[in-house]
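Those sequence lines, one after another, are chains X and F. Residue numbers for the first sequence follow our numbering, beginning at 1 and rising by one. Residue numbers for the second sequence follow our numbering, beginning at 1 and rising by one.
For the record, the hints were derived by calculation from the structure and aren't laboratory data. Misleading hints may appear alongside valid ones.
Which copy is meant is left open, so a pair is good if it fits within one copy or across any two.
Simulated pairs of lysine-lysine, PhoX-like, Cα-Cα distance not exceeding 20 Å [said to hold, decoys possible]:
{"hint": "1", "residue 1": "K125", "residue 2": "K247"}
{"hint": "2", "residue 1": "K169", "residue 2": "K247"}
{"hint": "3", "residue 1": "K232", "residue 2": "K125"}
{"hint": "4", "residue 1": "K182", "residue 2": "K6"}
{"hint": "5", "residue 1": "K232", "residue 2": "K169"}
{"hint": "6", "residue 1": "K232", "residue 2": "K160"}
{"hint": "7", "residue 1": "K170", "residue 2": "K132"}
{"hint": "8", "residue 1": "K169", "residue 2": "K132"}
2 protein chains.
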Amino acid sequence: MERNIKLLIRYDGTRYFGWEHQPDTPMTIQGKLEQVLARMLSLSEGEIPLITGAGRTDAGVHARAMVANVHADTEMTEEEILAYCNRYLPDDIGIDRVVFASPRFHARYNAVGKLYCYSLWCGAKKPVFERKYLTVLDGVPDVPAMREAAACLIGTHDFKSFCANPRMKKSTVRTVDRIEIKEQGEIIRLYFHGNGFLQNMVRILTGTLLEVGFGRMEPAQVMRILEAGDRKMAGPTAPPEGLCLMKVEY
Amino acid sequence: MERNIKLLIRYDGTRYFGWEHQPDTPMTIQGKLEQVLARMLSLSEGEIPLITGAGRTDAGVHARAMVANVHADTEMTEEEILAYCNRYLPDDIGIDRVVFASPRFHARYNAVGKLYCYSLWCGAKKPVFERKYLTVLDGVPDVPAMREAAACLIGTHDFKSFCANPRMKKSTVRTVDRIEIKEQGEIIRLYFHGNGFLQNMVRILTGTLLEVGFGRMEPAQVMRILEAGDRKMAGPTAPPEGLCLMKVEY
Numbered sequence: 001m002e003r004n005i006k007l008l009i010r011y012d013g014t015r016y017f018g019w020e021h022q023p024d025t026p027m028t029i030q031g032k033l034e035q036v037l038a039r040m041l042s043l044s045e046g047e048i049p050l051i052t053g054a055g056r057t058d059a060g061v062h063a064r065a066m067v068a069n070v071h072a073d074t075e076m077t078e079e080e081i082l083a084y085c086n087r088y089l090p091d092d093i094g095i096d097r098v099v100f101a102s103p104r105f106h107a108r109y110n111a112v113g114k115l116y117c118y119s120l121w122c123g124a125k126k127p128v129f130e131r132k133y134l135t136v137l138d139g140v141p142d143v144p145a146m147r148e149a150a151a152c153l154i155g156t157h158d159f160k161s162f163c164a165n166p167r168m169k170k171s172t173v174r175t176v177d178r179i180e181i182k183e184q185g186e187i188i189r190l191y192f193h194g195n196g197f198l199q200n201m202v203r204i205l206t207g208t209l210l211e212v213g214f215g216r217m218e219p220a221q222v223m224r225i226l227e228a229g230d231r232k233m234a235g236p237t238a239p240p241e242g243l244c245l246m247k248v249e250y
Numbered sequence: 001m002e003r004n005i006k007l008l009i010r011y012d013g014t015r016y017f018g019w020e021h022q023p024d025t026p027m028t029i030q031g032k033l034e035q036v037l038a039r040m041l042s043l044s045e046g047e048i049p050l051i052t053g054a055g056r057t058d059a060g061v062h063a064r065a066m067v068a069n070v071h072a073d074t075e076m077t078e079e080e081i082l083a084y085c086n087r088y089l090p091d092d093i094g095i096d097r098v099v100f101a102s103p104r105f106h107a108r109y110n111a112v113g114k115l116y117c118y119s120l121w122c123g124a125k126k127p128v129f130e131r132k133y134l135t136v137l138d139g140v141p142d143v144p145a146m147r148e149a150a151a152c153l154i155g156t157h158d159f160k161s162f163c164a165n166p167r168m169k170k171s172t173v174r175t176v177d178r179i180e181i182k183e184q185g186e187i188i189r190l191y192f193h194g195n196g197f198l199q200n201m202v203r204i205l206t207g208t209l210l211e212v213g214f215g216r217m218e219p220a221q222v223m224r225i226l227e228a229g230d231r232k233m234a235g236p237t238a239p240p241e242g243l244c245l246m247k248v249e250y
């Protein structure tokens with residue numbers, strides 16, 4: 001039967017070169033899924049199932065709830081597909097749910113909101129067990145100042161200054177409707193919610209907010225960075241390991 | 001100055017062949033500490049600092065609070081030693097505390113109690129982010145039955161049946177004064193507290209309690225295993241990744 005299989009995927013991105021399929025390495029999340037699905041669907045050699053992800057995560061970035069869909073001809077049930085994928089995927093990629101979606105469902109085009117979380121460690125001890133999912137800071141940032149700067153970013157803006165791709169042809173206008181900064185003991189979590197994010201945008205936003213947090217930039221400067229439309233004015237790109245895609249909304 | 005340096009150590013044992021120094025590989029926790037301390041103390045080549053651990057953890061086993069001591073001649077302060085070690089140790093080994101102990105303090109001989117935790121996963125989803133610190137079960141065990149069996153183990157007994165070394169020359173009598181089994185959502189944690197544990201003892205106890213949990217053994221059978229003094233009567237050795245040394249008491 002022709003099915004549009006919707007997958008809810010969780011992965012530890014540490015070992016991978018990001019979400020997106022790359023012809024020269026099997027070490028991408030999409031690539032691993034393709035391998036397993038090709039085998040499950042008994043595709044002929046060289047045939048690759050077309051998996052659409054809600055977005056592309058960078059190398060080293062994690063996801064607790066990536067969404068993807070793939071059209072396939074199969075007699076398997078949702079439960080059978082779930083069990084098959086989890087059995088054959090490596091243990092750093094897990095499928096949490098499989099649903100047969102309507103034929104028109106498209107994981108990327110239909111996404112209306114995304115939630116990311118960036119986790120920072122500012123404790124005195126080494127975060128030995130959490131080290132792959134946190135970015136370690138050298139000192140404790142000024143969180144109220146970071147919140148002040150974050151407030152300037154809320155709304156619909158041209159986020160060109162916060163985009164890694166300087167030759168981005170499509171619109172760089174996005175709506176960020178929520179940035180929450182939570183202190184949980186020695187961990188600081190930055191939650192970013194919006195209708196979409198540009199390449200490296202969450203990491204550049206985090207890097208810029210940390211410039212403010214460590215007093216190297218005034219909170220109000222963030223306004224001027226937005227207006228300038230110049231990547232060089234923003235802060236550095238925060239490392240990938242602290243970032244996790246938490247939710248995709250439809 | 002002659003110091004007896006006491007270290008509180010946290011480590012992710014995944015990459016290591018256990019705590020104990022091995023001449024043919026640098027991948028032991030003790031070996032890594034020796035390397036860093038030898039450099040810190042400017043020892044001559046081939047000289048190895050004698051580090052005494054409270055016990056030996058197996059390959060793949062973790063620790064949140066291993067205790068060790070090492071006698072050394074140094075002018076450094078406790079804070080300087082802590083910072084030096086954390087800087088040069090790999091990021092899966094962390095020192096949480098450094099204290100100058102009395103010259104007679106011995107991390108192994110003076111230990112009077114130890115607490116271990118064995119963590120089991122019995123959820124439907126794959127524990128992608130916690131996978132290195134849990135043992136995944138295929139089904140949900142009968143926890144009340146496991147508690148009934150655990151109660152038989154409390155007290156001072158000859159634990160020969162639960163010791164990996166059949167030619168153990170020293171006494172195999174130990175006192176286990178507490179086994180608590182806690183259910184935290186999809187994780188089951190087994191806490192073992194006692195005055196000392198034999199080689200693989202916590203893992204064999206866990207493997208045996210799981211035999212009870214999955215109905216392959218009656219709870220009362222545990223009594224007979226203790227009495228038999230025969231390793232072959234006990235359950236299998238549970239895998240190392242679920243085990244963590246939580247505390248050493250003096």
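Comparing the hints with the structure gives:
1. Proximity of K125 to K247 under the C-alpha cut-off of 20 Å is restricted to the inter-copy arrangement: shortest distance 17 Å between copies versus 30 Å within a copy.
2. In this homomeric assembly, K169 and K247 never come within 20 Å of each other (Cα to Cα): the closest approach is 27 Å inside a single copy and 57 Å across copies.
3. In this assembly of identical chains, the alpha carbons of K232 and K125 never lie at most 20 Å apart, being 34 Å within a copy and 42 Å across copies at closest.
4. Proximity of K182 and K6 under a CA criterion of 20 Å is satisfied in neither setting, with 32 Å inside one chain copy and 35 Å between copies.
5. In the homo-oligomer, the alpha carbons of K232 and K169 lie at most 20 Å apart inside one protomer (18 Å), although the nearest pairing across protomers, at 69 Å, exceeds that limit.
6. Within a single copy, K232 and K160 get their C-alpha atoms as close as 10 Å, which meets the 20 Å cut-off; across copies the closest is 67 Å, which misses it.
7. In this homomeric assembly, K170 and K132 never come within 20 Å of each other (Cα to Cα): the closest approach is 33 Å inside a single copy and 42 Å across copies.
8. For the homomeric pair K169 and K132, neither the shortest alpha-carbon distance inside one copy (34 Å) nor that between copies (42 Å) is at most 20 Å.
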